[in-house]
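Protein sequences appear in the order of chains A and B.
The numbers in the working numbering rise by one with no breaks, and the one at position 184 of the first sequence is 184.
Position in the second sequence (first residue = 1) + 292 = the working numbering.
It is worth saying that the hints were derived from the structure and are not from the lab.
Check each hint, because a few of them may be wrong.
Within a straight-line C-alpha distance of at most 27 Å, the following computed DSS-like cross-link-like pairs (lysine-lysine) qualify [claimed, not checked]:
no.: 1; chain 1: B; residue 1: Lys354; chain 2: A; residue 2: Lys48
no.: 2; chain 1: B; residue 1: Lys364; chain 2: A; residue 2: Lys48
no.: 3; chain 1: A; residue 1: Lys31; chain 2: B; residue 2: Lys340
no.: 4; chain 1: B; residue 1: Lys302; chain 2: A; residue 2: Lys180
no.: 5; chain 1: B; residue 1: Lys364; chain 2: A; residue 2: Lys140
no.: 6; chain 1: A; residue 1: Lys140; chain 2: B; residue 2: Lys354
no.: 7; chain 1: A; residue 1: Lys140; chain 2: A; residue 2: Lys126
no.: 8; chain 1: A; residue 1: Lys171; chain 2: B; residue 2: Lys302
no.: 9; chain 1: B; residue 1: Lys364; chain 2: A; residue 2: Lys216
Covered stretches of chain A, as calculated for chain B (at least 3 residues, CB under 8 Å) [as the list claims (entries may be wrong)]:
no.: 10; segment: 37-44
no.: 11; segment: 184-192
Which chain B residues stay away from chain A? Per the calculated CB distances, all over 12 Å, these [stated by the list, open to error]:
no.: 12; residue: Pro300
no.: 13; residue: Leu324
no.: 14; residue: Val342
Just so you know, even glycine gets a beta-carbon here, dropped at the ideal spot from N, CA and C.
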Amino acid sequence: MANLKEIRNRIVSVSSTKQITSAMKMVSAAKLRRAQDAITQMRPYSKKLQEILENLSSGLDSNEGVYSQEREVKNVLFVSITANRGLCGGFNNNVIKTIKRVADKEYKGCNITIVSLGKKSNDSFKSSPWAEKGKSIYTKGISIIDDLTFSNASELAEILMGEFAEKKQDKIVLVYNQFKNAAVQEIQLEQFLPIVPTQLVDSKASSIDYIFEPNKEFIINEMIPKSLKTQLFKALLDSRASEHGARMTAMHKATDNATELINSLKLSYNKARQAAITSEILEIVAGAEALK
Amino acid sequence: MHLEIITPEKNIYKGEVSLINLPGSDGSFGILTNHAPIISTLKQGTIKIVESNNSEKTFEVKGGVIEMNNNKIIVLAE
């Protein structure tokens with residue numbers, strides 16, 4: 001039986017850990033709410049943009065243009081979207097592992113570049129030659145996660161579009177955690193460039209006779225970058241919401257585990273105390289018996 | 293006519309207006325009620341609107357798209 005003081009110390013340390021994890025859970029829950037709100041805010045914008053784009057592209061061959069050019073894949077760029085902080089279960093590791101797996105299997109022999117967003121991805125690809133080039137492309141990989149605005153996201157999107165248009169990269173893939181709900185995140189490998197052509201389902205969209213100012217082609221060329229920026233921004237927002245969801249779940253589990261541990265420690269503490277009392281009584285009785 | 297100005301981060305404006313002045317890519321233009329359906333792109337500049345009660349409002353934009361159809365205007369701004 002462990003000594004009483006040791007157990008007491010352990011109980012104190014486990015309960016303070018429990019306090020920390022439950023506080024972190026509350027913080028994540030609040031941040032998750034805000035992150036989810038941001039996603040909902042963006043939805044009308046991306047929906048409308050998509051509608052206008054569909055209105056426009058009817059009658060035009062959308063396979064033309066710099067951003068939809070399919071080339072033989074020799075240079076692949078991965079945008080690895082993770083968090084700046086840990087303690088969120090498999091959130092960061094899933095992204096990193098997925099990239100390593102896909103890079104080794106599907107893109108064997110290609111020149112691979114990784115643009116790391118988030119400290120965790122940055123740290124784990126630090127020694128990899130893939131990340132060297134990525135760093136020279138985009139340097140704000142860590143600050144963008146804490147300061148996530150549309151203008152920051154569009155700056156990165158413009159850099160990526162430039163890389164593709166100048167034929168330095170033949171394919172750009174976003175790897176991030178898609179937000180399903182607070183407990184479930186799904187790893188998403190999303191092709192950013194070249195643009196995956198969307199299937200137009202409804203033909204009714206083009207029935208209105210719009211005036212195009214200055215002209216259709218010009219507007220399309222303006223709007224495609226916008227829709228790419230929106231896509232990247234959405235991936236970043238999704239990843240942020242997933243991060244807080246993952247952390248909330250992880251911290252919830254940690255709090256539960258701490259509670260369980262405290263209970264079992266309390267039990268063994270009481271047992272040890274009882275044993276001490278019993279042996280004390282035995283000693284007294286034995287002493288009294290000896291005096292007779 | 294009904295106007296909505298939307299950015300990726302939030303909804304800036306929603307309401308009835310009588311006139312809207314926009315910085316189009318080919319130069320500034322204005323839209324009055326019952327204008328024909330139009331889609332146009334915007335460049336950096338100021339959007340000026342006159343609300344139904346004659347008060348004026350301005351918004352700065354970096355660029356964007358505007359769609360008007362059936363007296364409904366949607367400005368996707370940046």
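Subject >> Contradicted hints - numbers only >> reply: The structure conflicts with hints 3, 5, 8, 11, 12, although it agrees with all the remaining ones.
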